[in-house]
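Chains A and B are the protein sequences, given in the same order.
FYI, UniProt numbering numbers position 111 of the first sequence as 111, with every residue one higher than the one before it.
FYI, UniProt numbering numbers position 78 of the second sequence as 78, with every residue one higher than the one before it.
These are computed hints drawn from the structure, not numbers from a lab.
Don't take each hint at face value.
Heads up, simulated SDA-like pairs for lysine to any residue below, C-alpha to C-alpha not over 20 angstroms straight-line [unchecked claim]:
id: 1; chain 1: B; residue 1: LYS247; chain 2: A; residue 2: VAL228
id: 2; chain 1: A; residue 1: LYS256; chain 2: B; residue 2: ASP143
id: 3; chain 1: B; residue 1: LYS109; chain 2: B; residue 2: MET78
id: 4; chain 1: A; residue 1: LYS109; chain 2: A; residue 2: PHE66
Counterexamples of contact, computed for chain A against chain B with all Cβ distances above 12 angstroms [unchecked claim]:
id: 5; residue: ASP17
id: 6; residue: ARG37
id: 7; residue: ASN40
id: 8; residue: HIS43
id: 9; residue: ASP61
id: 10; residue: MET63
id: 11; residue: ARG65
id: 12; residue: ALA108
id: 13; residue: ARG119
id: 14; residue: SER122
id: 15; residue: ASN126
Computed Cβ-Cβ distance ranges for the label pairs, DEER-style [unchecked claim]:
id: 16; chain 1: A; residue 1: ILE19; chain 2: B; residue 2: PRO142; range: 22 to 28 angstroms
id: 17; chain 1: A; residue 1: ILE19; chain 2: B; residue 2: ALA44; range: 20 to 26 angstroms
id: 18; chain 1: A; residue 1: GLU71; chain 2: B; residue 2: ILE241; range: 27 to 33 angstroms
id: 19; chain 1: A; residue 1: HIS220; chain 2: B; residue 2: VAL93; range: 34 to 40 angstroms
id: 20; chain 1: B; residue 1: SER3; chain 2: A; residue 2: ILE19; range: 33 to 39 angstroms
id: 21; chain 1: A; residue 1: HIS57; chain 2: B; residue 2: SER217; range: 53 to 59 angstroms
Because the structure is a prediction, the values reported are computed rather than measured.
Here a beta-carbon is modelled for each residue, glycine too, at the ideal position from N, C-alpha and C.
Protein chains: 2
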Amino acid sequence: MTSLTENVSVVLVEPQDDINIGNAVRASKNFGIEDLRLVNPAHADRDRIAISAPRAHETIDRMGRFETLDEALDDCVMTVGLTARARSAHWRVVEPEQAAAELIAEAAKGRRVAMLFGREDSGLPNSALDRCQAVVTIPTNPDYSSINLGQAVLLMAWEVSRAARKMQAGEVVAAPVSAPQNAWHSEFEPAPMAGLTRMFGQAEAALEAIEFVKGSSNDHIMRSLRSVFLRARLDTRELAIWHGIFKEIVAYMRRKGIEP
Amino acid sequence: MTSLTENVSVVLVEPQDDINIGNAVRASKNFGIEDLRLVNPAHADRDRIAISAPRAHETIDRMGRFETLDEALDDCVMTVGLTARARSAHWRVVEPEQAAAELIAEAAKGRRVAMLFGREDSGLPNSALDRCQAVVTIPTNPDYSSINLGQAVLLMAWEVSRAARKMQAGEVVAAPVSAPQNAWHSEFEPAPMAGLTRMFGQAEAALEAIEFVKGSSNDHIMRSLRSVFLRARLDTRELAIWHGIFKEIVAYMRRKGIEP
Numbered sequence: 001m002t003s004l005t006e007n008v009s010v011v012l013v014e015p016q017d018d019i020n021i022g023n024a025v026r027a028s029k030n031f032g033i034e035d036l037r038l039v040n041p042a043h044a045d046r047d048r049i050a051i052s053a054p055r056a057h058e059t060i061d062r063m064g065r066f067e068t069l070d071e072a073l074d075d076c077v078m079t080v081g082l083t084a085r086a087r088s089a090h091w092r093v094v095e096p097e098q099a100a101a102e103l104i105a106e107a108a109k110g111r112r113v114a115m116l117f118g119r120e121d122s123g124l125p126n127s128a129l130d131r132c133q134a135v136v137t138i139p140t141n142p143d144y145s146s147i148n149l150g151q152a153v154l155l156m157a158w159e160v161s162r163a164a165r166k167m168q169a170g171e172v173v174a175a176p177v178s179a180p181q182n183a184w185h186s187e188f189e190p191a192p193m194a195g196l197t198r199m200f201g202q203a204e205a206a207l208e209a210i211e212f213v214k215g216s217s218n219d220h221i222m223r224s225l226r227s228v229f230l231r232a233r234l235d236t237r238e239l240a241i242w243h244g245i246f247k248e249i250v251a252y253m254r255r256k257g258i259e260p
Numbered sequence: 001m002t003s004l005t006e007n008v009s010v011v012l013v014e015p016q017d018d019i020n021i022g023n024a025v026r027a028s029k030n031f032g033i034e035d036l037r038l039v040n041p042a043h044a045d046r047d048r049i050a051i052s053a054p055r056a057h058e059t060i061d062r063m064g065r066f067e068t069l070d071e072a073l074d075d076c077v078m079t080v081g082l083t084a085r086a087r088s089a090h091w092r093v094v095e096p097e098q099a100a101a102e103l104i105a106e107a108a109k110g111r112r113v114a115m116l117f118g119r120e121d122s123g124l125p126n127s128a129l130d131r132c133q134a135v136v137t138i139p140t141n142p143d144y145s146s147i148n149l150g151q152a153v154l155l156m157a158w159e160v161s162r163a164a165r166k167m168q169a170g171e172v173v174a175a176p177v178s179a180p181q182n183a184w185h186s187e188f189e190p191a192p193m194a195g196l197t198r199m200f201g202q203a204e205a206a207l208e209a210i211e212f213v214k215g216s217s218n219d220h221i222m223r224s225l226r227s228v229f230l231r232a233r234l235d236t237r238e239l240a241i242w243h244g245i246f247k248e249i250v251a252y253m254r255r256k257g258i259e260p
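The task is simple: from the sequences and hints, build the whole structure.
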């Protein structure tokens, strides 16, 4: 199995059933993914997880546990989220093969990437999709479309391992000619999610400071703003500039004696 | 879902556990395969099968039941058999993607093709592999390779449905290079360049207002800012939001009596 898959993380958001966590562990491990992360799981009892993931105690014990999705994604430069729902215009929607190719292209540069899976009954909330560079839908029979968590993980782990093998065999993994992010080659590193999260927080503070948004009416503006930056896939230098811009809006007004 | 998958049959040889049969039914049906055949199953009780394949009674009731594999394959022009074991020289061994491409190429000619899966504990016997045009092994982590019956069916059904979609999209199936996908589909029109130019002007005015940039030192900042927005390929609604943000920075300061 390829080492490229070692840079891929499987992130389960609020998994409710430990048997499903075990299925996800097993499916990930089958295809060389050893890094699993749980965000706010309902139980996550290691022995119950091991029922459906036999001989995987080491992987289970190493699983990261986080209270918030932002913490779980801190070191990731690219995240894709699985969803079954019809899309709005906010997100870039790709098929599993395309997502896997893009993830492995980043993983091949030694960067950590993540695949997000939501809770069994409700999937990923919009706030989680807002943290993704792309959203993945698995094309299924419209008359019989329900895929469970373990199966979705299996399918994505399979796609990622296949993309990794292709890349290591020297094949062109993806031909996403029209995708803007692939037309973009920066001399700087891609911005890590932790930095983007901080910048988004600073942006919201700035928009509030100029009274462009107020309280709960922020949501659709902030979603739009995140979407633009995630699609553009900022590098670290750009991230620094934008962070600086939003910070300066607040700082300038303070200097002028306006307390937001 | 494509009708090409209607010509694909999933054949389970001596399945021992009805829950696994149900998982196979569900996974097949997820990807448009409705024809399942059982060869000499241990039980095959429809209600037990339905536990893991909810709302699939019709498909379950239509399942063919055969005493011998030869009878089950009578109408098939091509058969591939799944196996985890090391190969002898007897069989042509292919990966799932290749097998799916070959099966769908036949299915597209209106011919029936089959995928064979063996019993849970021992897999397919040599006598079954001898009836296959190709033998399929799923490349897994050698240290953790065990895939269960339902997962193997899911993975092959997925591959077959993907090959079918590619063929129907006019792609050459046997040369599986991913299609360039248009990355970003918005319900709004793409922002026209004239509007972007105005927004960039407004942005520069805002950055000057907060003294983030001054005079000729603007150039590299403005270049970076343009680059981000052009890569993200804004739609008209997003353009309006960003124009509004930059305009409001200046307007807010004016309202507060700060003249840039």
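Against the structure, the hints:
1. B/LYS247 <-> A/VAL228: Holds. B/LYS247 to A/VAL228 sits at ~18 angstroms (cutoff 20 angstroms).
2. A/LYS256 <-> B/ASP143: violated (64 angstroms)
3. B/LYS109 <-> B/MET78: Distance of about 12 angstroms is within 20 angstroms: holds.
4. A/LYS109 <-> A/PHE66: Outside the cut-off at roughly 26 angstroms; violated.
5. ASP17: holds (15 angstroms)
6. ARG37: holds (19 angstroms)
7. ASN40: holds (27 angstroms)
8. HIS43: Non-interface label stands for A/HIS43: nearest chain B Cβ at 22 angstroms, farther than 12 angstroms.
9. ASP61: The assertion about A/ASP61 holds, with a minimum of 15 angstroms to chain B.
10. MET63: Its Cβ never comes within 12 angstroms of chain B, the nearest being 15 angstroms, so this holds.
11. ARG65: At roughly 22 angstroms from the nearest Cβ of chain B, A/ARG65 sits farther out than 12 angstroms, so the non-interface label holds.
12. ALA108: holds (16 angstroms)
13. ARG119: holds (19 angstroms)
14. SER122: holds (18 angstroms)
15. ASN126: About 16 angstroms separates A/ASN126 from the closest Cβ of chain B, which puts it past 12 angstroms; holds.
16. A/ILE19 <-> B/PRO142: 22 to 28 angstroms: The hint (22 to 28 angstroms, Cβ to Cβ) holds, given that A/ILE19 and B/PRO142 are roughly 26 angstroms apart.
17. A/ILE19 <-> B/ALA44: 20 to 26 angstroms: holds (24 angstroms)
18. A/GLU71 <-> B/ILE241: 27 to 33 angstroms: Since A/GLU71 and B/ILE241 have Cβ atoms about 28 angstroms apart, the given range 27 to 33 angstroms holds.
19. A/HIS220 <-> B/VAL93: 34 to 40 angstroms: With a Cβ separation near 53 angstroms, A/HIS220 and B/VAL93 fall outside 34 to 40 angstroms, so the hint is violated.
20. B/SER3 <-> A/ILE19: 33 to 39 angstroms: holds (35 angstroms)
21. A/HIS57 <-> B/SER217: 53 to 59 angstroms: holds (58 angstroms)
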